[in-house]
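**Q** Sequence:
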Amino acid sequence: MNILITIETSRKLKNIKWGLIMMDRNIPTWKIAATYIGTVVGAGFASGQEILQFFAVFGINGLLGLSIATLLFMVFGYIIMDLGRRLDSRSHIEIIKFSGNNWISTFIDYLIIFFLFGALTTMIAGSGAMLAQQFNISGIWGNALMTITATITVLTGLNGVVNSISFVVPFLLISATGISVVSVLNTPSASEITTIASTAGSLVNNWLLSAVLYTSYNILLSVSILAPLGSRAESKKAVNRGALIGSIGLGLGATVIYLALTKSMASVKNLEVPMIFIAGRISYPVQLIYATVLLTEIYTTAVSSLYGFVARITDLRSPLAKFLIIGTAVLAFIASQLGFSTMIKYLYPLAGYGGIVMLVVLVINKMKVSVIK
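The numbers in this note's numbering rise by one with no breaks, and the one at position 338 of the sequence shown is 338.
Computed cross-link-like contacts, EDC-like style, restricted to lysine to aspartate or glutamate with a CA-CA straight-line distance of at most 20 Å:
#, residue 1, residue 2
1, K366, E94
2, K31, D88
3, K237, D88
4, K31, E234
5, K368, E94
6, K236, D88
7, K366, D109
8, K97, D109
9, K368, D88
10, K236, E94
11, K366, D88
Ranges of calculated distance between the beta carbons of each label pair, as one might list FRET restraints:
#, residue 1, residue 2, range
12, I248, S138, 40 to 50 Å
13, N101, N186, 44 to 54 Å
14, I137, N61, 35 to 45 Å
15, W141, S370, 47 to 57 Å
16, L320, L185, 50 to 60 Å
17, N206, G339, 19 to 29 Å
18, L320, V181, 42 to 52 Å
19, F323, K368, 37 to 47 Å
20, S283, Y353, 33 to 43 Å
21, N101, R281, 43 to 53 Å
22, W30, Y110, 30 to 40 Å
23, L320, S283, 41 to 51 Å
24, S67, W30, 22 to 32 Å
Don't read these hints as lab results, they were simulated from the structure. No experiment lies behind these values; they were computed from the predicted model shown. A virtual CB, placed ideally from N, CA and C, is assigned to each residue, including glycine.
Modelling step: build the complete structure from the supplied sequences, incorporating the hints.
**A** Structural data, given as structure tokens:
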């Protein structure tokens with residue numbers, strides 16, 4: 001199976017976050033589903049912090065929110081890949097520009113760029129939070145280590161970025177799901193599934209809005225992968241089934257993490273990386289293994305985010321590129337001092353609000369292309 005990072009190095013960003021896309025022209029259903037899951041599952045998801053902030057804090061209503069988010073992932077995953085197939089998209093730009101509104105397409109493009117920097121900052125913060133929680137050392141050392149490592153990797157160029165990306169995401173999803181299932185089975189009662197965590201000060205205080213925003217910001221990051229993926233699908237049926245299976249996989253994975261968190265809410269509600277605590281309840285070796293896998297995923301996300309951000313701003317072959325890479329990393333390190341949970345609590349919903357514009361555009365474009373074709 002051929003894989004290639006397809007981040008454009010001059011003008012338009014073609015790929016984000018996972019950075020992996022299969023270049024076959026006849027991609028089957030299972031590859032589409034796996035890629036869809038891979039674009040959404042990341043360090044925020046597997047750390048448990050995303051599921052905690054967007055769903056678990058709402059108690060039993062959070063489970064309903066997860067169901068709605070799963071349905072929305074199904075609908076918009078299908079819309080993006082179907083538009084990609086019909087328009088023969090090479091990036092997200094084709095399906096956004098199909099609206100005919102340059103202002104909207106520019107806004108979405110800049111929003112993606114902004115969120116790339118935000119994702120980099122969040123990953124740096126996450127590395128510090130994880131090392132602090134796991135080894136009781138100052139988080140700033142973890143922040144610095146991730147900043148330096150990601151910077152050096154990106155400075156080596158495209159080959160360094162390609163070599164840094166592996167099949168961590170599927171393994172991470174399997175690990176997170178397995179640990180959550182074991183935790184749920186070993187926790188005596190589901191009576192703790194109540195709204196006991198505070199959402200004060202958050203940009204999200206409603207479970208239904210939370211489900212929409214969670215879908216919105218993840219679709220915002222996924223569109224650059226899903227659009228060309230749809231154009232390479234082996235058939236319309238593969239697109240339909242891929243969106244269906246992928247969204248169900250995401251929903252099931254998120255649900256078991258939700259159950260593990262809500263059954264231990266009193267213990268995890270104030271933790272930066274709750275799934276590390278959940279893994280530790282099983283055994284210390286399991287906790288160490290999961291921490292290592294999660295740290296690797298944080299690293300790959302940080303590298304692809306830094307590379308994608310700089311690639312969109314300047315030609316990576318220019319003398320300015322190295323200074324921009326280092327400068328961006330330093331700024332992200334400074335911003336990371338806000339904290340991992342704080343970044344997810346405020347940055348992700350903010351991107352979600354902006355991403356709602358893209359969801360509306362996608363629905364309009366889907367109706368337009370259905371009429372034309």
